[in-house]
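Asks: Sequence:
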Amino acid sequence: MAAHVVTTDALPPRPLRLGGADVSNTRFDPTKRVHAAVVTIDAATDEVLAAATETRIADFPYVPGYLGFREVPALVAAWSRLTLKPDVVLMDGQGMAHPRGFGVACHLGVVLGVPTIGVAKSLLVGTGEPGPEPGDTAPLLWKGQCIGTALRTRRGARPLYVSVGHRVSLPTAVALVLAATRGRRLAAPIRAAHDAANDARRAAASAP
DNA sequence: GCGACAG
DNA sequence: ATCTTGTCGC
999 MAAHVVTTDA
1009 LPPRPLRLGG
1019 ADVSNTRFDP
1029 TKRVHAAVVT
1039 IDAATDEVLA
1049 AATETRIADF
1059 PYVPGYLGFR
1069 EVPALVAAWS
1079 RLTLKPDVVL
1089 MDGQGMAHPR
1099 GFGVACHLGV
1109 VLGVPTIGVA
1119 KSLLVGTGEP
1129 GPEPGDTAPL
1139 LWKGQCIGTA
1149 LRTRRGARPL
1159 YVSVGHRVSL
1169 PTAVALVLAA
1179 TRGRRLAAPI
1189 RAAHDAANDA
1199 RRAAASAP
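In terms of our numbering, the first sequence opens at residue 999 and continues consecutively.
Keep in mind the hints are simulated off the structure, nothing from the lab. There's no promise every hint is true.
Simulated crosslink set (DSBU-like; lysine-lysine; CA at most 30 Å straight-line) [as the list claims (entries may be wrong)]:
| no. | residue 1 | residue 2 |
| --- | --- | --- |
| 1 | Lys1119 | Lys1030 |
| 2 | Lys1030 | Lys1083 |
| 3 | Lys1119 | Lys1141 |
| 4 | Lys1141 | Lys1083 |
A quick note: this is a predicted structure, and the numbers were derived from the prediction, not measured.
Work out the full structure: start from the sequences and follow the hints.
Replies: Have a look at this one:
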């Protein structure tokens, strides 16, 4: 089913450039536009090295389990204009922690041919509750299988759900996400992408 | 049939 | 996803 989602690491040695991908929507938007953003940051300093966005009409609605069909096309367009490509992309959403083992992060990775990691803020399927300390983890279980890792990145904050996207092992994925989180709940690349996507949305809203 | 349901 | 200020806590 998801046999083409290789779990063998294919990441280069340091310095590492981390990518972040996210999409913003305007609620009740009659034009049904999506604002996609992809960014590249320095893993050591969190400095944003490059960013690109794409605003377009979404040709597919939001349907749980089919997010890739709605968000990936715009993300691919944004990616094509990203001047400096990252080594691995952290995508806001599920990777293999998906009903058919192929969430938006896998979808993006396969289409781009780039290593990706699924980093979701809530669950689509599965269960797993990590301890209270940053770095605490718990296997994300579903139907007797480990489909990802529930990761506590900050005390008192809900965990993040990390799962394999494309060509990155789960242990490596969890380590990279945790390392990109500094006292904050979300990983730096995803926050940067979220900000860029929101900027694009506001720009499109105030433009004639 | 009922409930759940990434962003 | 988004609507939204102040407010509670480290």
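Asks: Work down the list of hints and note, for each, if the structure agrees.
Replies: Cross-check of the supplied hints:
| no. | hint | result |
| --- | --- | --- |
| 1 | Lys1119 to Lys1030 | holds, 23 Å |
| 2 | Lys1030 to Lys1083 | holds, 29 Å |
| 3 | Lys1119 to Lys1141 | holds, 21 Å |
| 4 | Lys1141 to Lys1083 | violated, 37 Å |
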